[in-house]
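Same order as they appear, the protein sequences are chains A and B.
Take the first sequence: its position 193, counting from 1, is numbered 193 in our numbering, and each next residue is one higher.
Take the second sequence: its position 349, counting from 1, is numbered 349 in our numbering, and each next residue is one higher.
Think of the hints as simulated: they come from the structure by calculation, not from any bench.
Keep in mind that this is a model prediction, so the values were computed, not measured.
Do not take every clue at face value.
Copies of the same chain look alike in the list, so a pair counts if it works inside one copy or between any two.
What the hints assert, rightly or not - No more than 20 Å apart at the CA atoms, straight line, and that leaves these computed lysine to any residue pairs for SDA-like:
{"hint": "1", "residue 1": "K22", "residue 2": "P78"}
{"hint": "2", "residue 1": "K82", "residue 2": "A161"}
{"hint": "3", "residue 1": "K48", "residue 2": "L76"}
{"hint": "4", "residue 1": "K200", "residue 2": "P127"}
{"hint": "5", "residue 1": "K200", "residue 2": "G44"}
{"hint": "6", "residue 1": "K128", "residue 2": "V101"}
{"hint": "7", "residue 1": "K151", "residue 2": "L167"}
{"hint": "8", "residue 1": "K200", "residue 2": "L99"}
{"hint": "9", "residue 1": "K211", "residue 2": "T124"}
{"hint": "10", "residue 1": "K128", "residue 2": "C39"}
{"hint": "11", "residue 1": "K151", "residue 2": "E58"}
{"hint": "12", "residue 1": "K48", "residue 2": "R23"}
{"hint": "13", "residue 1": "K62", "residue 2": "T308"}
{"hint": "14", "residue 1": "K243", "residue 2": "E212"}
{"hint": "15", "residue 1": "K33", "residue 2": "K103"}
{"hint": "16", "residue 1": "K151", "residue 2": "Q30"}
Number of protein chains: 2
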Amino acid sequence: MPELRQEPITNNWVIIATERSKRPSDFPVQQEKRKGGKCPFCEGNEGKTPPEIVSYREGGTKADTPGWWVRVVPNLFPALSKTGNGVGNGGLDGESVDLFVTKPGIGDHEVLVESPDHNSSLDTHTPKQVIEIFYMWRDRYQALLNEKSIKYIQIFKNEGAIAGASLEHPHSQLIATPLIPPVVSEELNGAQEYYQQQGKCIYCEMIKHEKEDSRRIVADNQDFLAFCPFASRFPFETWIIPKEHQAGFDLINDSQLENMGAIVQEVTRRINGSLNGPPYNMVLHSAPVGNSDAAQYHWHLEILPRLTIVAGFEWGTGIIINPTPPESAAIYLRETNTDNSQEKERTLWQQVH
Amino acid sequence: MPELRQEPITNNWVIIATERSKRPSDFPVQQEKRKGGKCPFCEGNEGKTPPEIVSYREGGTKADTPGWWVRVVPNLFPALSKTGNGVGNGGLDGESVDLFVTKPGIGDHEVLVESPDHNSSLDTHTPKQVIEIFYMWRDRYQALLNEKSIKYIQIFKNEGAIAGASLEHPHSQLIATPLIPPVVSEELNGAQEYYQQQGKCIYCEMIKHEKEDSRRIVADNQDFLAFCPFASRFPFETWIIPKEHQAGFDLINDSQLENMGAIVQEVTRRINGSLNGPPYNMVLHSAPVGNSDAAQYHWHLEILPRLTIVAGFEWGTGIIINPTPPESAAIYLRETNTDNSQEKERTLWQQVH
């Protein structure tokens, strides 16, 4: 029968819908038609973006010319603006009754172009290139920490049109917000409650438990653990978490960054190998600005394959239906043989059921 | 510049992204290819579903034969099961550590087939048929109120594959849960807080304000108001709310049901006329079981067109980016001329901007 599972940090619920149990081949991922060719993020087209904020580039080359391998530009259509003269309770339409509160949309919105090559991706980059991308994530994260009126820094990556990517050239994004977002507050409150009761970081405890249990582990290296969380909302959802306690992503050191690059590439290869290159969101969860050394919080990266649809039931209740138990998902991801994934899959399904 | 808006009940935030401002023609809705033909919900195929729970049918016809106009059957792949021998903390995999809490997936999952005709829909049914559908919603809602261990009853409708409909035959669904879902708790807590401070139902206050303001109103009849909420998460999001204070949907009377049918049909016609038949979720929000007469809560129906993608930023923060201000959406919906919507739209866009 179906099982309700409670997410230990936020106390939200998911339904693991065993009546609908799904293996990888039940999610027929249609390869999106790629436009290919030259886009504004391609090498040689630097003039088609706003001037770059920063880039990693060969010595002697100039800003906004070729020679870079990771390049950051402002988003042309920012969700939040760097500057503005808006005032709260009124910007858009002058409304200011008690019931309706507004805030000017001040913040920042950057695009991190992950490669000069339009057709590369996290699983096909050189290992060195993946590490360079995360060096840039840290650089931008640290830089934004010092911007006035920024309370939270959200770095994320949308892969595939179904997951929200409007440009196919590999890129991630950073949106900095002038308030602590509700999902972050929810996690902080849950972690704080656990810390007060148990005197421990709940994420550190989760790492310990997942390692002992081992059924949900996807990958493991010196500094990081990758696992399908107990209360996975999405089929094949995978979290990547530093083994050492760190609340803010800005605290990651160089050697950890290199192991982060390695495990992210391994996990994306396992996901792509199992599921034929599915759309996914990759979402950094980190402490709010000024809380990077918090004892109760622990930054991590969530990879959310978008194989199911969040529909009426989910919007009404907040309870997400997931047809694939994380214990089954982890077996597929661990055992994925990218050379011959279909044959492998049949055998595995027999083992699981 | 963009504007952050706070939802008055839950205190969640949305970004009205004016830099990305979108009118109806910016959302090219591709008509989904309809399979048509006979499906398990079609008249004459009653044997292809589990035995019916209840139906409205012509006198003298038997259950599970033709002659019905609204028919309710159990979902073949229930998200929650009516019965089961599962026990908490263990059903699926015997896990029972403190960190990980489970609950058996007991509840109910029904399909309400809205018409014998495969190709009909809310906007093309006769007005009488739409009203009959909502009579059935009330009947099933009232019936489930008496089931043991049910704490919440979620009725919803997914229209279009992108919004999660796996069968195109018009139908809505009911999932009854053994706990009060987080979205519902959030609304109840917010409404309770307002009630304690102001001694009034926040939804009643919202109705009053929207009527006075009038910019966001989409439709209006004797018993119901339809408006685009101030903190709309989705372009063209529309709420339909009874003007009389009612916490539980089970309390709706016959004459109100008829006006509910009328306004829902009007709003779906306006949405389809403006947006070329977009996918949408229609979601009932009602008081939990046992709280139908609560002074602080107010049931309503939310229609959520699925024209944008909830992506990495939204999953990380809970802040949803909406490129269409509700004030603009309401103008389009109010003024929609379904005979000549493109011409109308151009004129309107000039008025708005």
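Hint by hint, here is what the structure shows:
Taking CA atoms no more than 20 Å apart as the test, K22 paired with P78 passes between copies only; the shortest distance there is 14 Å, against 38 Å inside one copy. Proximity of K82 and A161 under a CA criterion of 20 Å is satisfied in neither setting, with 27 Å inside one chain copy and 38 Å between copies. In this assembly of identical chains, K48 and L76 lie within 20 Å of each other by CA distance solely inside one copy; the values are 10 Å within and 53 Å between copies. In this assembly of identical chains, K200 and P127 lie within 20 Å of each other by CA distance neither inside one copy nor across copies; the values are 34 Å within and 60 Å between.
In this homomeric assembly, K200 and G44 never come within 20 Å of each other (Cα to Cα): the closest approach is 51 Å inside a single copy and 61 Å across copies. Taking identical chains as interchangeable, the C-alpha atoms of K128 and V101 are never at most 20 Å apart, the minima being 46 Å within one chain and 41 Å between chains. Within a single copy, K151 and L167 get their C-alpha atoms no closer than 28 Å, and across copies no closer than 44 Å, so neither meets the 20 Å cut-off. In this homomeric assembly, K200 and L99 come within 20 Å of each other (Cα to Cα) only across copies, at 12 Å, whereas the closest approach inside a single copy is 39 Å.
Neither within a single protomer nor between protomers do K211 and T124 lie at most 20 Å apart by alpha-carbon distance, with minima of 29 Å and 56 Å respectively. For the homomeric pair K128 and C39, neither the shortest alpha-carbon distance inside one copy (24 Å) nor that between copies (53 Å) is at most 20 Å. Proximity of K151 and E58 under a CA criterion of 20 Å is satisfied in neither setting, with 34 Å inside one chain copy and 62 Å between copies. Taking identical chains as interchangeable, the C-alpha atoms of K48 and R23 are never at most 20 Å apart, the minima being 43 Å within one chain and 25 Å between chains.
In this assembly of identical chains, K62 and T308 lie within 20 Å of each other by CA distance neither inside one copy nor across copies; the values are 45 Å within and 38 Å between. With identical chains, the CA atoms of K243 and E212 are at most 20 Å apart within one copy only, with a shortest distance of 14 Å there and 56 Å across copies. Taking CA atoms no more than 20 Å apart as the test, K33 paired with K103 passes in neither setting, with 40 Å inside one copy and 42 Å between copies. With identical chains, the CA atoms of K151 and Q30 are never at most 20 Å apart, being 39 Å at best within one copy and 39 Å at best between copies.
Hint violations for this structure: numbers 2, 4, 5, 6, 7, 9, 10, 11, 12, 13, 15, 16, all remaining hints satisfied.
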